[in-house]
Amino acid sequence: MIDGLRRLGRSTLRWFNRLGRATLFLLRLLGALAALGKRPGLIVKQLYSLGVLSLPIIAMSGLFVGMVLGLQGYANLVDFGATSSLGTVVALSLVRELGPVLAALLYAARAGSALTAEIGLMKATEQLAAMQMMAVDPFARVFAPRFVAGVIAMPLLAGIFTAIGILGGYFVAVQQLGVDSGAFWSQMQAAVRLVDDVINGVVVKSAVFGWVANWIAVFEGYDAIPTSEGISLATTRTVVNTALVVLALDFMLTAIFFGV
Amino acid sequence: MSATAPAVPIDPPDTSPLVTARGLTFHRGDRAIFQDVNLDIRRGGITAIMGPSGAGKTTLLRLIGGQLRPTAGRVEVDGACVHELGRRELYQLRKRMSMLFQSGALFTDLSVFDNVAFPLREHTRLPETLIRTLVLMKLEAVGLRGARDLMPSELSGGMARRAALARAIALDPMMILYDEPFSGQDPITMGVLIKLIRTLNDALGLTSIIVSHDVKETASIADYIYLISDGLIVDHGPPEALEHSSSAWVEQFLHALPDGPMSFHYPALPYAQDLLLARERTGD
Chain A
286 MIDGLRRLGR
296 STLRWFNRLG
306 RATLFLLRLL
316 GALAALGKRP
326 GLIVKQLYSL
336 GVLSLPIIAM
346 SGLFVGMVLG
356 LQGYANLVDF
366 GATSSLGTVV
376 ALSLVRELGP
386 VLAALLYAAR
396 AGSALTAEIG
406 LMKATEQLAA
416 MQMMAVDPFA
426 RVFAPRFVAG
436 VIAMPLLAGI
446 FTAIGILGGY
456 FVAVQQLGVD
466 SGAFWSQMQA
476 AVRLVDDVIN
486 GVVVKSAVFG
496 WVANWIAVFE
506 GYDAIPTSEG
516 ISLATTRTVV
526 NTALVVLALD
536 FMLTAIFFGV
Chain B
138 MSATAPAVPI
148 DPPDTSPLVT
158 ARGLTFHRGD
168 RAIFQDVNLD
178 IRRGGITAIM
188 GPSGAGKTTL
198 LRLIGGQLRP
208 TAGRVEVDGA
218 CVHELGRREL
228 YQLRKRMSML
238 FQSGALFTDL
248 SVFDNVAFPL
258 REHTRLPETL
268 IRTLVLMKLE
278 AVGLRGARDL
288 MPSELSGGMA
298 RRAALARAIA
308 LDPMMILYDE
318 PFSGQDPITM
328 GVLIKLIRTL
338 NDALGLTSII
348 VSHDVKETAS
358 IADYIYLISD
368 GLIVDHGPPE
378 ALEHSSSAWV
388 EQFLHALPDG
398 PMSFHYPALP
408 YAQDLLLARE
418 RTGD
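Protein chains in written order, with our numbering: chain A, 286 to 545; chain B, 138 to 421.
The hints are simulated quantities; they were obtained by calculation from the structure and are not laboratory data. Note that the structure is a prediction, hence the values are computed from the model and not measured. Using N, Cα and C, we set each Cβ at its ideal position, and we do this for glycine too. Take the hints with a grain of salt, since some may be wrong.
[Said to hold, decoys possible] Far from chain A, some chain B residues (derived; all Cβ distances over 12 Å):
| # | residue |
| --- | --- |
| 1 | 235 |
| 2 | 237 |
| 3 | 308 |
| 4 | 326 |
| 5 | 395 |
[Stated by the list, open to error] Covered stretches of chain B (in silico footprint by chain A; criterion: 3 or more residues with CB under 8 Å from a CB of chain A, positions within the stretch not fixed):
| # | segment |
| --- | --- |
| 6 | 189 to 196 |
| 7 | 344 to 352 |
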């Protein structure tokens, strides 16, 4: 009993300790942003590896999710003769929820894990220490460009995911199941609002997700125990924690934006 | 030692030590890595710090480089107390010193050329043509001009260290810290590295600190040696003097004797007692 309490206390303390270190890390990261203005090339390079190289998985997943939405929506709406609202169903689910959330989860798996492993390995192979000894701040040279590029990439990826998802839904609904093309698009146009749905959904949500996903990924790499086991643990933690935090934040943001 | 007389009169050479440690104490957790260590590193020479694995040699380099803070005592480099400097001043100081890491620590996403160019590009605004000239000069000095387009993963261990050495001298530092430069190298590579360290030290007027447990190799180029064990300086002096040291520990270490004051066994209960203990536990 006492032992159990003690363990609980210890792990709680450890958790808060980590949160504190992660916050200090974030502050130093933000402090290093100013220096980045003079080196946009560093961000562009990371935008390529975090954003562009994530495109295939984002595009493929978006397509399949959209097609599934088309099928499921049709199967449910056809009973009520309401298949003309299929465009609305597909678009709203993607824009409000599935686009930002799934893109963030996929991003964590594809790019976040890579970030953690890369930074962890740089630490293990003394590259970060070497950089410090060369009087180059790894926060300005390594962490900040990756973080900023990731935060920029996330909403773009979510937008692309959503757009391709809608096309996938269109393909299944209109081309395969024979829903009227005009109804599909016009109903969607009438129902989806720019600020309430697109901005709040795709842009704001995924910006928040991008922020936490990249914060977690870069911090876990920086904080990793520099051994092969430590890095594998850190990589796992990045994906698991990002998934949990993204889903929890999604609930909160949904409650704020779309709750009654 | 480069004993060439200067053609023009110059200021008398600065004879104060470049690095001094006074009362240096460092604890990791409850374990004392260093206990009241004093040492002086002379300008222009090669000073070796030797001791068994786990004696805290790398820690000492990190204390000098300001990556770790001593628990007590001071470390001064060129008159500045390293751990009292702010980050900006520390970084200014670090531009004048280099560290060669055991693994080389080359940036794996950059070619050999870009690795050597890295400190130049970060700290200077030199035009790219001049950077190319400088990088080729540094690579020529370590014999890797032809390997400039290779990636670090394509280099052998010895080449990686030479490339890292070229990067370490890129900004013409006043001092280079070598962390185990010879460990895990074949005899030929070792010979190359020994010669390089000596030549670079004398040609560039550097001060070198070598941390190593490769006794013969290190002693062959060092001007002065500190032997550390269990957080204390056991002995120090020029290599010839240590060779004839009366200390049994120094004797054991320098001549690689398997047993002596430094025990072969990790501290433990007496053997017989330990075995009986096992029987008590399971037998019962």
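Quick rundown of the hints versus the structure:
no.	hint	verdict
1	235	7 Å, violated
2	237	9 Å, violated
3	308	8 Å, violated
4	326	20 Å, holds
5	395	30 Å, holds
6	189 to 196	violated (count 0)
7	344 to 352	violated (count 0)
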